[in-house]
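Those sequence lines, one after another, are chains F and Y.
Just so we're aligned, residue 9 is where the first sequence starts under my numbering, counting upward by one.
Just so we're aligned, residue 258 is where the second sequence starts under my numbering, counting upward by one.
Hint data in this document are derived by calculation from the structure and do not stem from the laboratory.
Since this is a predicted model, take the numbers as computed values, not measurements.
Glycine included, each C-beta is placed from N, C-alpha and C at the ideal position.
Worth double-checking, as some hints may not be accurate.
Derived DSSO-like pairs: lysine-lysine, alpha-carbon spacing no greater than 30 Å straight-line [stated by the list, open to error]:
1. Y:K410 <-> F:K59
2. F:K293 <-> Y:K379
3. Y:K415 <-> F:K167
4. Y:K284 <-> F:K59
5. Y:K415 <-> F:K51
6. F:K230 <-> F:K145
7. F:K230 <-> Y:K366
8. F:K293 <-> Y:K261
9. F:K145 <-> Y:K363
10. Y:K379 <-> Y:K349
11. Y:K366 <-> F:K173
12. F:K170 <-> Y:K349
13. F:K12 <-> Y:K366
14. F:K14 <-> F:K81
15. Y:K504 <-> Y:K261
16. F:K145 <-> Y:K261
17. Y:K304 <-> Y:K415
18. Y:K304 <-> F:K170
19. Y:K284 <-> Y:K415
20. F:K167 <-> Y:K366
21. Y:K379 <-> F:K14
22. F:K173 <-> Y:K349
23. Y:K261 <-> Y:K284
24. Y:K504 <-> F:K51
25. Y:K390 <-> Y:K357
26. Y:K349 <-> Y:K363
27. Y:K366 <-> Y:K349
28. F:K167 <-> Y:K261
29. Y:K349 <-> F:K12
30. F:K230 <-> Y:K504
31. F:K14 <-> Y:K393
32. Y:K504 <-> F:K59
33. F:K120 <-> Y:K357
34. Y:K410 <-> F:K14
35. Y:K504 <-> F:K170
Partial list, computed: chain F residues near chain Y (C-beta under 10 Å) [stated by the list, open to error]:
36. G24
37. G95
38. Y96
39. I176
40. T288
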Amino acid sequence: MKYKAKQFVTIDTHTGGNPTRTVLAGMPELAGETIQEKMMDMKENHDHIRKFLVYPPRGHDISSGTILLPPLKPQADFSVIFIETGGYLPMCGHDTIGTCTALVEMGYVDRKEPFTSVVLDTPAGIVEAECEVENGKVQTVTFISTDSFHLMTVYVDYKSHKNVKVDIAYGGNFYGILRAGDLGLALDVSESQEIVGTSMAIRDIINEIHEVRHPEFPFIDKLTHMELYRDGNIVKNTVVVPPGGIDRSPCGTGTCAKAATLYENGEIMRDDVFIHESITGSQFKASLISSEARDEFTYHRISITGSAWIMGRHDLYMDADDPLQAGYLLIPEI
Amino acid sequence: MIVKVVNGFDIHIYGQVLRIIEFDEMKVSPDGFDLNQLLLNEPRGNKYMNLLTFKETPSLIHVTLASVTGVENEDILLKVCLRALLDRHRIKTESEYSIKINGSVKTFKHQELNTTALFEVKHNGTDYTINHKRIKTVETDLQLEIHNISAIKEEINKQTDSNYDYLVLEHDTQHIAANRNGDILAHPVLEVLSLLNHKFEWHEISIFNGADISIQDGRLGHPYHLISNSQFYVDDTDIYQQGFVIK
């Protein structure tokens with residue numbers, strides 16, 4: 009034991025297999041008045057803490073988490089910064105479900121049954137999560153997405169696969185959505201390395217040929233995530249997240265992008281529910297609750313419902329003598 | 258609801274992760290749950306994890322050791338476990354310690370807990386045998402750096418041969434090791450360090466994960482660093498009763 013080390017206290021959850029490390033204590037004071045400013049301060053001045061928390065040897069390729077801060081807005085219970093191996097996200101669906109589950113089950117918010125509301129101040133804005141609670145256990149967490157929309161459909165040649173259809177849609181990030189079978193891939197964990205390699209290659213081809221830009225937030229200007237699916241009443245999917253890992257959950261923002269694509273293709277209507285299943289078998293329920301046409305796109309609000317489970321409580325020690333204090337990652341940084 | 262709590266702690270040795278848990282913590286599992294698998298696999302563990310459980314008896318410490326990709330550096334992990342248990346005042350200081358693992362008893366002297374001797378290297382013409390393991394070496398033009406990881410993985414896939422336990426790619430003063438399945442071993446492996454020390458007379462070796470290794474008098478020093486003290490929870494509604502593995 010090294011008592012000279014700095015301690016971070018976390019509650020770890022998994023949302024359909026995808027981990028969330030909710031950091032309760034140990035953060036230095038972050039500069040800024042808003043959560044966006046505090047996120048930028050962490051990114052510019054304390055990024056070693058993100059790496060310490062999510063990179064191996066303390067995390068793994070797709071570890072992610074939330075930095076929990078006192079509320080910076082009066083209506084919020086907490087302000088949060090979303091971190092992952094790839095960097096910072098304005099909003100993350102599976103982390104929202106995981107963190108809210110931890111907050112309710114561990115009593116960090118006033119627990120009410122059958123529903124407890126948790127309001128998070130995120131860099132993407134206020135997110136209100138409704139937690140269904142039974143005997144102290146959070147059964148599900150539902151939150152409403154940011155505006156999601158289908159941007160365009162493109163066709164790509166990749167090795168022997170010609171004219172592969174890819175829908176590009178936004179659900180908080182841009183997703184390239186394509187049928188796994190069109191690439192000869194099965195959605196099985198044993199094929200995960202091939203899924204990641206192929207997906208990242210196709211993403212890079214699309215970014216070279218096509219301009220992918222958010223019409224209202226032009227600084228969001230790249231296709232970052234890929235989403236492979238298999239048709240069915242329950243849509244099986246896997247999302248490949250940057251810099252190159254497989255989302256173990258059905259992916260909250262990826263499910264929103266999928267819902268916008270299904271609407272575009274006439275496969276779902278308002279208030280329809282569809283089930284999105286991850287490569288590990290976990291499921292999210294999505295429902296399109298409103299649509300609004302603006303300029304040339306139709307923007308949707310989508311409710312996402314999923315479940316998380318608490319996995320543990322950790323006291324992590326940041327030791328200045330540890331040469332791997334900032335961890336390492338066997339994936340190129342983006 | 259949470260129906261089981263398991264106490265343990267994680268350490269790392271040059272990035273190799275070791276999770277240490279007393280056997281009695283794992284003695285009783287909730288129905289349907291496999292605690293050993295749960296604490297090794299995702300989402301609580303991962304492909305990098307080594308899980309060690311121990312039970313102390315008057316003359317022996319009984320140990321199990323498991324990993325998803327195969328256990329490397331077994332003796333180092335056992336010695337470091339002893340060192341950590343001594344530092345935590347969980348076991349008493351003795352002149353030597355006997356550990357029963359996989360049906361065999363290994364004895365370690367107290368003064369040798371912090372270092373381990375390199376292995377003897379046998380050169381068989383085209384490959385090497387070290388500690389009964391066969392190692393294939395390949396010189397490559399690739400810069401063995403993270404930004405080249407895709408090309409490195411392709412080269413490893415091309416060169417991987419199940420007749421060998423380890424593949425070592427070499428480029429100038431860089432190297433990278435993979436196991437027989439082609440999994441990159443980001444942490445040092447004693448057999449590979451023995452090879453590099455023998456072949457190139459390297460005493461200072463940089464590892465792919467950024468760790469720097471120093472070999473003195475034919476021995477590797479292996480300090481450990483505490484990652485966390487942990488309580489692992491099991492919720493009886495959890496959809497994963499054994500966890501899962503994604504490489």
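Cross-check of the supplied hints:
1. Y:K410 <-> F:K59: holds, 23 Å
2. F:K293 <-> Y:K379: violated, 59 Å
3. Y:K415 <-> F:K167: Answer holds: K415 (chain Y) to K167 (chain F) is near 18 Å, not above 30 Å.
4. Y:K284 <-> F:K59: It is violated: about 35 Å lies between the C-alpha atoms, which goes past 30 Å.
5. Y:K415 <-> F:K51: violated, 38 Å
6. F:K230 <-> F:K145: Answer violated: K230 (chain F) to K145 (chain F) is near 39 Å, above 30 Å.
7. F:K230 <-> Y:K366: violated, 58 Å
8. F:K293 <-> Y:K261: At roughly 29 Å apart (the allowed maximum being 30 Å), K261 (chain Y) and K293 (chain F) satisfy the hint.
9. F:K145 <-> Y:K363: violated, 46 Å
10. Y:K379 <-> Y:K349: violated, 39 Å
11. Y:K366 <-> F:K173: Violated, because 64 Å separates the two Cα atoms, which is more than 30 Å.
12. F:K170 <-> Y:K349: violated, 67 Å
13. F:K12 <-> Y:K366: holds, 29 Å
14. F:K14 <-> F:K81: Given pair K14 (chain F), K81 (chain F) holds - Cα atoms ~29 Å apart, limit 30 Å.
15. Y:K504 <-> Y:K261: It holds: about 28 Å lies between the C-alpha atoms, which stays within 30 Å.
16. F:K145 <-> Y:K261: holds, 15 Å
17. Y:K304 <-> Y:K415: holds, 22 Å
18. Y:K304 <-> F:K170: Distance ~35 Å between K304 (chain Y) and K170 (chain F) Cα, so the pair is violated.
19. Y:K284 <-> Y:K415: violated, 44 Å
20. F:K167 <-> Y:K366: Roughly 58 Å separates the two Cα atoms, so the pair is violated.
21. Y:K379 <-> F:K14: It is violated: about 45 Å lies between the C-alpha atoms, which goes past 30 Å.
22. F:K173 <-> Y:K349: violated, 65 Å
23. Y:K261 <-> Y:K284: The given pair, whose Cα atoms are some 11 Å apart, holds under the 30 Å limit.
24. Y:K504 <-> F:K51: Given that 30 Å is the threshold and the Cα spacing comes to 28 Å, the pair holds.
25. Y:K390 <-> Y:K357: At roughly 22 Å apart (the allowed maximum being 30 Å), K357 (chain Y) and K390 (chain Y) satisfy the hint.
26. Y:K349 <-> Y:K363: Satisfied, since the Cα-Cα distance of roughly 18 Å is no more than 30 Å.
27. Y:K366 <-> Y:K349: holds, 13 Å
28. F:K167 <-> Y:K261: violated, 50 Å
29. Y:K349 <-> F:K12: holds, 24 Å
30. F:K230 <-> Y:K504: Holds - the C-alpha atoms of K504 (chain Y) and K230 (chain F) are around 27 Å apart, at most 30 Å.
31. F:K14 <-> Y:K393: Measuring from Cα to Cα gives roughly 42 Å; hence the hint is violated.
32. Y:K504 <-> F:K59: Since the Cα atoms of K504 (chain Y) and K59 (chain F) sit roughly 20 Å apart, the hinted pair holds (cutoff 30 Å).
33. F:K120 <-> Y:K357: violated, 51 Å
34. Y:K410 <-> F:K14: violated, 36 Å
35. Y:K504 <-> F:K170: holds, 29 Å
36. G24: Holds. Min distance 8 Å.
37. G95: violated, 16 Å
38. Y96: At 20 Å from the nearest chain Y Cβ, Y96 (chain F) fails the 10 Å test, so the hint is violated.
39. I176: violated, 23 Å
40. T288: Holds, about 5 Å.
Checked against the numbered hints listed earlier, the structure breaks hints 2, 4, 5, 6, 7, 9, 10, 11, 12, 18, 19, 20, 21, 22, 28, 31, 33, 34, 37, 38, 39; every other hint is satisfied.
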